[in-house]
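Got chain A; can you put chain B with the ligand on it based on the hints?
Residue numbers (my numbering), protein chains in the order written: chain A, 877 to 1145; chain B, 2 to 433.
Do not take every clue at face value.
No farther apart than 25 angstroms at their CA atoms in a straight line, the calculated lysine-lysine pairs in the DSS-like style are these [stated by the list, open to error]:
#, chain 1, residue 1, chain 2, residue 2
1, B, Lys117, A, Lys1082
2, B, Lys177, B, Lys360
3, B, Lys66, B, Lys6
4, B, Lys261, B, Lys250
5, B, Lys6, A, Lys1077
6, A, Lys1077, B, Lys146
7, B, Lys31, A, Lys1082
8, B, Lys133, A, Lys1082
9, B, Lys343, B, Lys177
10, A, Lys1077, B, Lys133
11, B, Lys366, B, Lys180
12, B, Lys289, B, Lys180
13, B, Lys155, B, Lys27
14, B, Lys117, A, Lys956
15, B, Lys197, B, Lys232
16, B, Lys289, B, Lys171
17, A, Lys1077, B, Lys250
18, A, Lys1109, A, Lys931
19, B, Lys117, B, Lys31
20, B, Lys232, B, Lys261
21, B, Lys354, B, Lys177
22, B, Lys117, A, Lys1077
23, A, Lys925, A, Lys1077
24, B, Lys293, B, Lys177
25, A, Lys1077, B, Lys155
26, B, Lys410, A, Lys1077
27, B, Lys363, B, Lys350
28, B, Lys427, B, Lys410
29, A, Lys1082, B, Lys66
30, B, Lys6, A, Lys1082
31, B, Lys110, A, Lys1082
32, B, Lys350, B, Lys289
33, B, Lys66, B, Lys232
34, B, Lys110, B, Lys99
Bear in mind the hints are in silico, worked out from the structure with no lab data behind them.
Listed below, chain by chain, are the residues.
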Amino acid sequence: MHALVFIKQVPDASQVRINYETGTLIREGVPAILNPYEVHAVEEAVKIKQKFGGKVTILTMGPLQAADALKECLSRGADKGYLLSDRIFAGSDTLATSYALYEGAKKIIELEGEIDFFFAGKQAIDGDTAQTGPGIATRFNIPLVTYLTKLDEVNLEEKYVVATRLTEFGQETLKVPIPVFFTVEESLNILSHSPLPWLVKAAQSKIEILSGENVDLDKNQCGLRNSPTIVKKAFTPEKKQRGATLTGTFDEVVDQAAEKVAPFLNNIL
Amino acid sequence: MSNLKYDVIVVGAGPAGLAAATVLAKAGVKVVVVERGQFAGSKNVMGGVFYSDCMKGIIDDFPGKAPVERHIIDQRVWLLDKDSFVGFNHKNELFNKKPYNCHTVFRAKFDSWFAKQAADAGALIITRTLAKEAIIENNKIVGIKTGRPDGDIKADCVIIADGVNSLLAKSLGFRKEIKRESVALAVKEVIGLDEKIINERFNVKSGEGVTIEVTGNFFNGEAMAFIYTNKKSISLGVGMVVEDLVKNKINPNDLMESFKAHPSVVPLIDGGETKEYLAHLIPEGGYKDMPKLVGNGVMIAGDAAMMVDAIHREGSNLAVTSGKLAAETYLEAAKTGDFSEKSLSLYEKKKLKESFVIKDLKKYKGVPSLLQHNKRLLQQYPKLINNAAYEILNVNGISKNDKEKLLWKNMKSQIGVSNLIKDLFKLWRNVG
Ligand SMILES: Cc1cc2nc3c(=O)[nH]c(=O)nc-3n(C[C@H](O)[C@H](O)[C@H](O)COP(=O)(O)OP(=O)(O)OC[C@H]3O[C@@H](n4cnc5c(N)ncnc54)[C@H](O)[C@@H]3O)c2cc1C
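With the rest of the complex left out, here is chain A (with noise of 0.2 angstroms):
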């Protein structure tokens, strides 16, 4: 069994703050923690290995002190650490990254060996789009579940997986072919407390750098320049007003609702 799990160092979020006049993140002095989510991606990965045996890679694009993220994830049971960092990769968007990071997991695949399970995050907390993961399944051109809160069964030998995905209307299980890309909710495990001669072997352990030369890359798919995605605004949305619940029996409910409603009908009417 071989999984890669992407991931990406982010600002904690619990710290950082939005500058309400230009909508941006103030980031400054702000530690980089692994993207939450991230954390269970590696923690399921991590228990598919102790389950059947193999190793858990980490990719991530960054500069060099995400090599600190890396070394999180070695801590927390995962095998060997990749950083793919160049200047070239400055500015991507969601398309450039993925991009970006599906050409990194292909030089794994060559290095490390075919992969069996692809995972990341369902989003980074510092932008919240969601489409890394599937940007980079959908170049690989594999089946991708998204928004994973339970990995119901692997079976190797018939290469298939049974999974739980939350979707818009509630939960859906689907009975998905290997390899496969997942990314993870929070909900998915409940992290385990690695034991500490994992902390001293991963404090011990070497990052492997990558830059833009060792990867098989199309410059004119990379960084800033070929990135399209444009902020015009970011903003905190209001707050929803919560609904009144009503109690009574359904005669009753009706009247109440009815009296709620009427003055605004009238409004309109």
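Relative to the frame of chain A, chain B with the ligand by itself:
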């Protein structure tokens, strides 16, 4: 079962622990640092003025590439009243000469930089791991238990540098629960401003910095505050002894808000944007509150040992120095392989004693309780001084002689001559 075994375990990746770890690693000792935070510095807070001198023998050519903000060339003190302050300052071109005496720093950045230096020297830094208690065998500390599965680590010697709350020192019975009158709760706010605006408001060039220490009757004589300049922000802080917070039912956030609204503070921070809000404890008991510092296989350094000189806002330099001295003591003891209390007592009996750490802490040992029990000093005197300054400077047709008489009369009625003599004498004895 794991067999993690090192020469030395350092508990806590603050200035004390990292100084110890760097010195040990550079000497080729197998050292592991156990830190509970996400990374070194993640939750650490100080004003923060960091003094360069203490890094001698630890990091060559400090600050080098260290993440420092501004070097301090102008130091001010304010005695704050409701609408006014009386202040004095010392600005000196000598402070513009390299090596700079001190810089403002952000601990989140500074500690992680320091941890990187320790790691590069060969120390193993383990984060996100709580050291819970010492492992004791035959009356000797032989390691620690962490909060993780398979979490025991063994070592010949443990250096405890886990800060003001020191779980480890408490677990060994070296220290009791900290007394409410010996610890202050400080809150700090970082306010972002344009570099040029800061330069103008504080009358300095880029890179140069100003510190303002604030006390006085504005805070009812019970709080200390500060204003420090960073590159592109200003740090404001207010701290009050926990006993006084409880007694007066004050919330430190309210102190901060009233400080920020003071007419002397407003123009300095106007237009700024709050970037960070932090809180931390400061051990202020000083020399009298210091715990047992040495045991069989163990030494305590920094805030864990209450080594803070509160009246001079010094703590991190005492932490670094004590951490370094603990490391040096280990290196001495390693020559004979004897890490008993007797052998390690070199740390307390000689090294610390001969350093500024103990000399300063001893010199000011009476100050914490003096300030705690004699509220006059920071309540009535600052008020009188502010009034006096106003009276003397406000030209209103009253003769200077009459003004002086009035001021003296105020002093006599508000404080009394015998109190004045007692206070002056006690002050002289405690800080002179
Ligand atoms: C608001 C404020 C302003 C200050 N201003 C100044 C100033 O301007 N100049 C100055 O010199 N000093 C200042 N100080 C004091 C200074 O911050 C401290 O004296 C200094 O940080 C002490 O260093 P330390 O290494 O002993 O402890 P700390 O810096 O507290 O480091 C202790 C470390 O141990 C870790 N830890 C704690 N418990 C455990 C555990 N059980 N297991 C594992 N790890 C643990 C902590 O996470 C932390 O990283 C200020 C303090 C405050 C609160």
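Going through the hints against the structure:
Proximity of Lys117 (chain B) to Lys1082 (chain A) is assessed by CA-CA distance (about 14 angstroms); at most 25 angstroms being required, the pair is judged to hold. The suggested pairing of Lys177 (chain B) with Lys360 (chain B) holds, with an alpha-carbon distance near 24 angstroms, which does not exceed 25 angstroms. At roughly 33 angstroms between alpha-carbon atoms, Lys66 (chain B) and Lys6 (chain B) are farther apart than 25 angstroms, so this suggested pair is violated. Using a Cα cut-off of 25 angstroms, the hinted pair Lys261 (chain B) and Lys250 (chain B) holds, with the two alpha carbons roughly 20 angstroms apart.
Taking the CA atoms of Lys6 (chain B) and Lys1077 (chain A), the gap is about 14 angstroms. The hint holds against a cut of 25 angstroms. Taking the CA atoms of Lys1077 (chain A) and Lys146 (chain B), the gap is near 18 angstroms; set against the 25 angstroms cutoff, the hint holds. For the suggested pair Lys31 (chain B) and Lys1082 (chain A), the alpha carbons sit about 19 angstroms apart, so the restraint of at most 25 angstroms is met. A threshold of 25 angstroms between alpha carbons decides the hint, and for Lys133 (chain B) with Lys1082 (chain A) the separation of about 29 angstroms lies outside it, so the pair is violated.
Taking the CA atoms of Lys343 (chain B) and Lys177 (chain B), the gap is near 23 angstroms; set against the 25 angstroms cutoff, the hint holds. Straight-line distance between C-alpha atoms of Lys1077 (chain A) and Lys133 (chain B) comes to about 21 angstroms, which keeps the hinted pair within the 25 angstroms bound. Straight-line distance between C-alpha atoms of Lys366 (chain B) and Lys180 (chain B) comes to about 16 angstroms, which keeps the hinted pair within the 25 angstroms bound. Pair hint Lys289 (chain B) plus Lys180 (chain B) holds up; C-alpha atoms about 12 angstroms apart against a cutoff of 25 angstroms.
Of the supplied pair hints, the one linking Lys155 (chain B) and Lys27 (chain B) holds, its CA atoms being roughly 21 angstroms apart against a limit of 25 angstroms. As the CA atoms of Lys117 (chain B) and Lys956 (chain A) are separated by approximately 21 angstroms, the hinted pair is consistent with the 25 angstroms bound. For the hint pairing Lys197 (chain B) with Lys232 (chain B), the CA-to-CA distance comes to about 9 angstroms; that is within 25 angstroms, so the pair holds. For the hint pairing Lys289 (chain B) with Lys171 (chain B), the CA-to-CA distance comes to about 17 angstroms; that is within 25 angstroms, so the pair holds.
Between the alpha carbons of Lys1077 (chain A) and Lys250 (chain B) the distance comes to roughly 49 angstroms, so the proposed pair goes past 25 angstroms and is violated. For the hint pairing Lys1109 (chain A) with Lys931 (chain A), the CA-to-CA distance comes to about 42 angstroms; that exceeds 25 angstroms, so the pair is violated. Between the alpha carbons of Lys117 (chain B) and Lys31 (chain B) the distance comes to roughly 16 angstroms, so the proposed pair stays at or under 25 angstroms and holds. In summary, the hint linking Lys232 (chain B) to Lys261 (chain B) is supported, as the alpha carbons are separated by about 20 angstroms, within the 25 angstroms threshold.
This hinted pair checks out: Lys354 (chain B) and Lys177 (chain B) have alpha carbons roughly 23 angstroms apart, not beyond 25 angstroms. At roughly 17 angstroms between alpha-carbon atoms, Lys117 (chain B) and Lys1077 (chain A) fall within 25 angstroms of each other, so this suggested pair holds. This hinted pair checks out: Lys925 (chain A) and Lys1077 (chain A) have alpha carbons roughly 17 angstroms apart, not beyond 25 angstroms. A hinted pair counts as satisfied when its Cα atoms are at most 25 angstroms apart, and Lys293 (chain B) with Lys177 (chain B) qualifies at roughly 11 angstroms.
Our distance criterion of 25 angstroms between C-alpha atoms is met by Lys1077 (chain A) and Lys155 (chain B), whose separation comes to about 16 angstroms. Using a Cα cut-off of 25 angstroms, the hinted pair Lys410 (chain B) and Lys1077 (chain A) is violated, with the two alpha carbons roughly 73 angstroms apart. Proximity of Lys363 (chain B) to Lys350 (chain B) is assessed by CA-CA distance (about 14 angstroms); at most 25 angstroms being required, the pair is judged to hold. For the hint linking Lys427 (chain B) to Lys410 (chain B), the alpha-carbon distance of about 23 angstroms falls within 25 angstroms, and the restraint holds.
Among the hinted pairs, Lys1082 (chain A) with Lys66 (chain B) is consistent with the structure: their alpha-carbon atoms are about 23 angstroms apart, no more than 25 angstroms. For the hint pairing Lys6 (chain B) with Lys1082 (chain A), the CA-to-CA distance comes to about 21 angstroms; that is within 25 angstroms, so the pair holds. Distance hint between Lys110 (chain B) and Lys1082 (chain A) is fulfilled; the C-alpha atoms sit about 22 angstroms from each other, no more than 25 angstroms. Between Lys350 (chain B) and Lys289 (chain B) the alpha-carbon distance is near 16 angstroms, which keeps this suggested pair within the 25 angstroms criterion.
With a C-alpha separation of about 15 angstroms, the suggested pair Lys66 (chain B) and Lys232 (chain B) falls inside the 25 angstroms cut-off, and the hint holds. With a C-alpha separation of about 22 angstroms, the suggested pair Lys110 (chain B) and Lys99 (chain B) falls inside the 25 angstroms cut-off, and the hint holds.
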